[in-house]
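Since each chain comes alone in its own frame, lean on the hints to assemble the complex.
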Amino acid sequence: MMELDEKDHGIIRALKRDGSLNAAAVGKAVGLTQPSAWRRIRRLEEGGVILGRRVRLNKAALGFEVVVYLGVKLAAKGQVSLEDFERAVCAVPEVQLVQHVLGVYDYRLKVVARDLSDFERILRRRIMTLPGVGEVESNVMLSEIG
Amino acid sequence: MQVDNIDRRLLRHLQEDGSLTMVELASRAGLSAGACWRRVEKMEAAGVIEGRDVVINHSAMGYAVEVFLRITLDKTQGNAFDEFTKAARDIPEVGAIQTLLGRVDIRMDVRARDLSHYQEIYKERILALPHINDVEALMLISEVKNTEALPL
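Line by line, the protein sequences give chains A and B.
Last residue of the first sequence: 145 in numbering that gives the first Met the number 0, with the numbers rising by one and none dropped.
Last residue of the second sequence: 151 in numbering that gives the first Met the number 0, with the numbers rising by one and none dropped.
FYI, nobody ran anything at the bench for these hints, they're computed from the structure.
You can take every hint at face value.
Listed below are the simulated EDC-like cross-link pairs for lysine to aspartate or glutamate, each with C-alpha atoms no more than 16 Å apart in a straight line:
(1) A:LYS15 to B:GLU49
(2) A:LYS72 to A:GLU134
(3) A:LYS109 to B:ASP108
(4) A:LYS72 to A:GLU82
(5) A:LYS72 to A:ASP83
(6) A:LYS58 to B:ASP52
(7) A:LYS58 to B:GLU147
Over 10 Å on every C-beta distance to chain B, these chain A residues come out as not near it, computed from the model:
(8) LEU31
(9) GLN33
(10) TRP37
(11) ALA75
(12) ASP83
(13) THR128
(14) PRO130
(15) GLY131
(16) VAL132
None of the values given here were measured: they were computed from a predicted structure.
Think of the CB as a built atom: it goes at the ideal place given N, C-alpha and C, for glycine as much as any other residue.
Okay, chain B solo, but in the shape it has when bound (with noise of 0.2 Å):
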């Protein structure tokens, strides 16, 4: 599907605000209700926009301590990220995994409730799973900005 600059114009105002109705939506992108409905059904039959997500606050949830790990898997094994990443998925603290391409094979994000909890975790849990070389760890002091708006 090709994306036209009126597309484009209401895709910015749903990155702003993800919680507009169809006719704020509208009103804001200057449309009738009728278009930008028609517009925004057809970007998500075409799977431009793929759905919609909530924004969870852990903290809020009694999650104090998030911790970023960057690992190193023994590539001489041949299915080490597979069986790696099926293991890790399991970790219910545990929340997104990526493999990336660079000095690091993955990297993943663990919740605790706080730093005794993140040692228990990591010691019996993260350190158990299979292929680890190497393990480094960045604690999240603070988030500045995180948005999942693209520059469109």
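Chain A extracted, bound-state conformation (with noise of 0.2 Å):
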């Protein structure tokens, strides 16, 4: 774990803003010079603070209307491996996020499609299709907040 003072965490919070920006518009941002902003980014980068940046693109003007989270419980706990569930499950290109978590269900989806119809048909034909799969259960996302 990386020693963080007040400025790595305005640094943080300026890029979580708008990760756009250069060294000298976040400078700008906690009150740092240019070349100095830049050394701390440097160093988040390096002691894996800031994994990379990632364009953000906007889902509908490219036609993906619809996001769903699932919650997935494996079928038969013991029989089915995980890493054939993990790798066929992350082979799903609309499928963005897999986590294996700790609760009422086994792994967390997030899966991206054009509209419901096209939703049903990755659920039916990719994800139900899935190598120990048990019960799905599907949340429509409405919206999101920060």
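Right under this line is the structure:
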């Protein structure tokens, strides 16, 4: 774990608000010069706090209107291999997030789809056919805050 | 704006690596730097490309515990959603909050330094939120896949 001071936290907050900021703009937001902001960002990257930058696309403008969170229980624990399930589910292009969790479900998935009938197709053909899949619960996302 | 096949190709490369410079992107997509720049500019202006996000590793910052709460609200109260989300946003350890259509109404991420810190947040902040009917918790063991990439 890395020791972070107030300036580092400020840099992270500024970059979380807008990941496209360059070192000069980040420095301005937290009261540092461009070179010292640049050095701190480098340090956060090398320390594994900032893993990288990702482009944020407008899903709806590209035809993806539906986001669904799935809770998945594996059918027969012990008999199916977690690796088989994980390998197969990661290969589904519409699945953006696969999290192994502890609780009423074994896995949490996030799925993007063009519309509800596209989601139904993905659920039937890609999710329900995964090795070891048992009960699946779907929750359609209505809105996201923060 | 109509996105064509060349735009989609650019977006696929950008999704793979968000830190590409315009020159690198152009050469990967087989375009001239100028043509590439014009297309990216156009997609940014049209809001197809909304911006860039940094990917933060919270465990490297000392937040080792991540819990997803699935909350059902007391919907007999007309303003339950608004009052709940407004109060939840004020808890610094709460990350994304999503409203859902399904068996649960809200899901949200809570990050804590360790389990006793989580317990403190849960007892003192989460359970104090208004209009909660039921809370279900899933604790993250491992993240197997995490991408924002769309199947373009």
